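Trainee: Read off the chains here:
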Amino acid sequence: MIKEILKILENDARTTTKQISTMTGTSSEEVAKIIKQAEKDQTILKYKTIINWDKVGEEQVGAFIEVRVAPQRDVGFDAIAERIYRFPQARSVYLLSGTYDLLVLVTGKTMHEVADFVSQKLAPIEGVQGTVTHFMLKRYKEDSEILEGREGLRRQPVML
Amino acid sequence: MSIKVPSVTSRRLNQIPSSGIRKFFDLIVSMEGVISLGVGEPDFATPWHIREAAIYSLEKGYTMYTSNLGMPELRRELSRYLKDTYNLDYNFESELLITVGVSEGLDLATRAILEPGDEVIMPDPCYSAYNPCVILAGGIPIMVPTNEENNFELAAADVEARVTNKTKAILIGYPANPTGAVMSRDKLAQIAEVARRHRLVVISDEIYARLVYSVEHTCFATLPAMKESTILLGGFSKAYAMTGWRIGYAAANKEVIAAMTKIHQYTIMSAPTMGQVAAIEALKSGEDSVTEMVEEYNRRRLVIVQGLNDIGLPCFEPRGAFYAFPSIKGTGMTSEEFAEKLLIKEKVAVVPGSAFGQCGEGYIRCCYATSLAEIEEALSRMGRFVKKHKK
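Protein sequences appear in the order of chains A and B. According to the numbering used here, the first sequence is numbered sequentially starting from 1. According to the numbering used here, the second sequence is numbered sequentially starting from 1.
Each hint should be verified, as a subset may be incorrect.
Lysine to aspartate or glutamate pairs mimicking EDC-like chemistry, simulated, CA-CA at most 20 Å apart [unchecked claim]:
no.	chain 1	residue 1	chain 2	residue 2
1	A	Lys-7	B	Asp-310
2	A	Lys-7	B	Glu-296
3	B	Lys-284	B	Glu-119
4	A	Lys-138	A	Asp-54
5	B	Lys-390	B	Glu-337
6	A	Lys-18	B	Glu-287
7	A	Lys-7	B	Glu-337
8	A	Lys-7	B	Glu-153
9	A	Lys-18	B	Asp-310
10	A	Lys-48	A	Asp-12
11	A	Lys-7	B	Glu-77
If you're looking for bench data, these hints aren't it; they were derived computationally from the structure. Given the structure is predicted, the values throughout are model-derived calculations rather than measurements.
Isolated chain B (complex conformation) (with noise of 0.2 Å):
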């Protein structure tokens, strides 16, 4: 006889969704031969330098914890790195924080700008973590539609009509997952003018930084009066192939960087010692392999956008990040069910955008960070899917 025990857990966990791709992914490590466009890093494994740089340091002991906001010497040529490539000052005693991934970042930001009831805007469909991250630090996410016809950027007019006298931040991410967007300098020029005019905060999430394609980044902190006001986040995940180092940085004022690293301080104590290793030998001596990288993206991101285009998913031309995400709306199904259905019929895995937000509805998300030859098989699998099932 099974008695009904009482929950435990905090019922502030039912306003986060829980994870819309946990069945898929049961689904998928059920079966065999599956191609996935459904993940979320890099085909590369961490340039051997780096990973050789980490391991000579476990060799020479150094296993223990560092400073709180970070190694100096990471901090120091971090601040170098932001001086160079976005002509950016951050003090590297009290303006640099190096985080557990951007994820870790985010988390910290949040928790220490919010006061509860805060209302923080964003783009829909954006990341997954953003909505929960604010909904955890007592926030309201506020989402603003983003849509295909303006290439999923969000609109400074759209912004600024969500802003309430309850609004703290605005949070954004470009280049963006899942949508692969890029907002040019002018646009998001724009959305500053609505932060400095509001006196609002901005989180930036930059971690597709360098995955930009025929168009440059535009650094949120590098826009007339927004470095005081904008929280940079930024991290060697994606760059460098570091997924699994798990180390992130936020570049931000005094007070704000002394507020995450107060939090930082007593949830993390510091980002793990080896990942700050292997990120300092990656600012020093990894350029050449980032270009490589951008450059065998790029060469796949043309292949899978055309492909997708020709078998008869419509899809915008995303110039950052590694997703594209075409629309399956000439199905009529949901996401979902062309999701699923597609992985049973066809053995293609990919990512439901509707996972991502409302407006995420009739798209699905294509990762192309896998090997042309595995691209090629997915897209001639999914033509002959979309070909039985086009309305």
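If we strip away everything but chain A, and leave its shape as in the complex, we get (with noise of 0.2 Å):
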């Protein structure tokens, strides 16, 4: 059940008690107890919104940035990752296979101060040994939702 409630909240925050007790066959009071818990123990994190900024011309610059990090003894890269994600500009923060590390990205309102965050702030944390900064030209789709180029439905009004 809590999973269930979990996917509709997941694709839209805003979904009533009582619509969600309707979609699941739960009673609300059981539904809000369910959410309530899920809460309080943190596997829902955030009611967040996803919004298009280039819509209210507030233009945002994104990059990701590719961390080689040289892994401390016991902690391994927690410590580092703890260093960086506790800056409010490294948005998402992840520990990957591969060539590099670390994968943060970093967002800020213009190219100058992503790059001026990543010389200063990310690049000289003890352990870093390296960083690849890419900018983000364009965002096609974020968190499932495609931004732009939505075709509407094409269909037939009335069929029998």
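Fit the two chains together into the complex; they arrive one by one in their own frames, and the hints show the way.
Mentor: Structure, rendered in structure tokens:
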């Protein structure tokens, strides 16, 4: 049951308890209880909205930074990852397999801002051996949402 | 000066009703901002991996005819699917035919088995093509009333009461359009018993087989002694959102398939090649997509049924397809009146139940294959309408 509720909320965080109750055939009280518990134990981390900022003229620059790291004794990559993700500019931080170690998504108002962050705050972190910055040129799809070019349905309005 | 030209069209066509929704369609397209619950297909595009397989085949130049029966690879996959799903053995070389949708399958089935004047028993209301197909094939449709109290299920006793020495077949379609009704294994077995006793062919339209909610779908051919005498019609349109591809199949004994193929080879040659390629991909890898879509339909089903009951349009719980069939009798209007007024006053389109048979009078068909937001808005508008017009 909880997975069904989570799927519904993940798709539309504004679905009301009553709507979820109808969609899952569970009582509103039970639904509210489950959601409250999920919020408490951090299964539900946050309710967010996906915005296409370009439409309000607020341009943002994003970049993916490959970070090569010398892992620390005993703690591996975690300590360095934490130092990085404490910065609010670091929107996402992942440990990956492959030719580099950490992938950091950084956003800022301008390319300069992002570049400054990388060179002044990210690269100098102890343990960071090197960075490669890839600036995002265009966002097509984010978090399962296609940002533009979505076509409407072309169905026959009535069909027997 | 206009000279009256004598009609050149066959008088046979006078026996077939013209579409009950033509004027509706015209009215709807002339209006803006209409929420249509009158659609008859999924609001999902065909899953990308299926489209991609077809596109790739076009790039490779697979644009020629296929075998009349359909691509052997598709028939093999289909045979495997029917074995895995229903434990039915259909020989892919002689007992399966790939058709242009279940629509063509129905046309072929009736034309393959009916002699002029043969009777075919079917439920009322039912999908609007059943009647015309039987008539076009030279047969006579015998309608059996079904009603809301019995969840629009076809009663075996009612069927048997209408069997005559001219009865050739029973034509059923569960899960059903327009009612959303599903019949249990037991009740279908009773109908099978009637078919067996009177040696009737059963044409079973199971296009909505995958769209069932909290119940199991019973494939008619799996009932005792029914495999030999059932013409199983199935397809990809609803389960895999492939309505436009025009691909379906018929599974039956060798004799029937050979007869259907005889007609098919002259009238159609072979079903669309790119559709067949898509169908292969659907059978191979489409399961997850189907499950996802069915889960989404179910959520919407619960919302619309609850909503219709809440606004004063009592609706029995449909367990299959994607239609709700609420009663509008409380408003004192006919189905057509209700639908037309609702469209004009509140810009919500539904299909009058009368378009599906006499027993559909007093009901409307609401398709919930549309976004939750649209369903909620439609319910709100309908609620307003019902309040004003309740008797």
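Trainee: Please go over all the hints and tell whether each is borne out by the structure.
Mentor: Against the structure, the hints come out as follows:
A threshold of 20 Å between alpha carbons decides the hint, and for A/Lys-7 with B/Asp-310 the separation of about 26 Å lies outside it, so the pair is violated. This hinted pair checks out: A/Lys-7 and B/Glu-296 have alpha carbons roughly 11 Å apart, not beyond 20 Å. Restraint check for B/Lys-284 and B/Glu-119: not satisfied, since their Cα atoms lie roughly 39 Å apart, outside the 20 Å limit. Proximity of A/Lys-138 to A/Asp-54 is assessed by CA-CA distance (about 11 Å); at most 20 Å being required, the pair is judged to hold.
Distance hint between B/Lys-390 and B/Glu-337 is fulfilled; the C-alpha atoms sit about 14 Å from each other, no more than 20 Å. Between the alpha carbons of A/Lys-18 and B/Glu-287 the distance comes to roughly 31 Å, so the proposed pair goes past 20 Å and is violated. At roughly 40 Å between alpha-carbon atoms, A/Lys-7 and B/Glu-337 are farther apart than 20 Å, so this suggested pair is violated. Our distance criterion of 20 Å between C-alpha atoms is broken by A/Lys-7 and B/Glu-153, whose separation comes to about 34 Å.
In summary, the hint linking A/Lys-18 to B/Asp-310 is supported, as the alpha carbons are separated by about 13 Å, within the 20 Å threshold. In summary, the hint linking A/Lys-48 to A/Asp-12 is supported, as the alpha carbons are separated by about 9 Å, within the 20 Å threshold. Distance restraint check for A/Lys-7 and B/Glu-77: the Cα-Cα separation of roughly 32 Å exceeds the 20 Å cut-off, and the hinted pair is therefore not satisfied.
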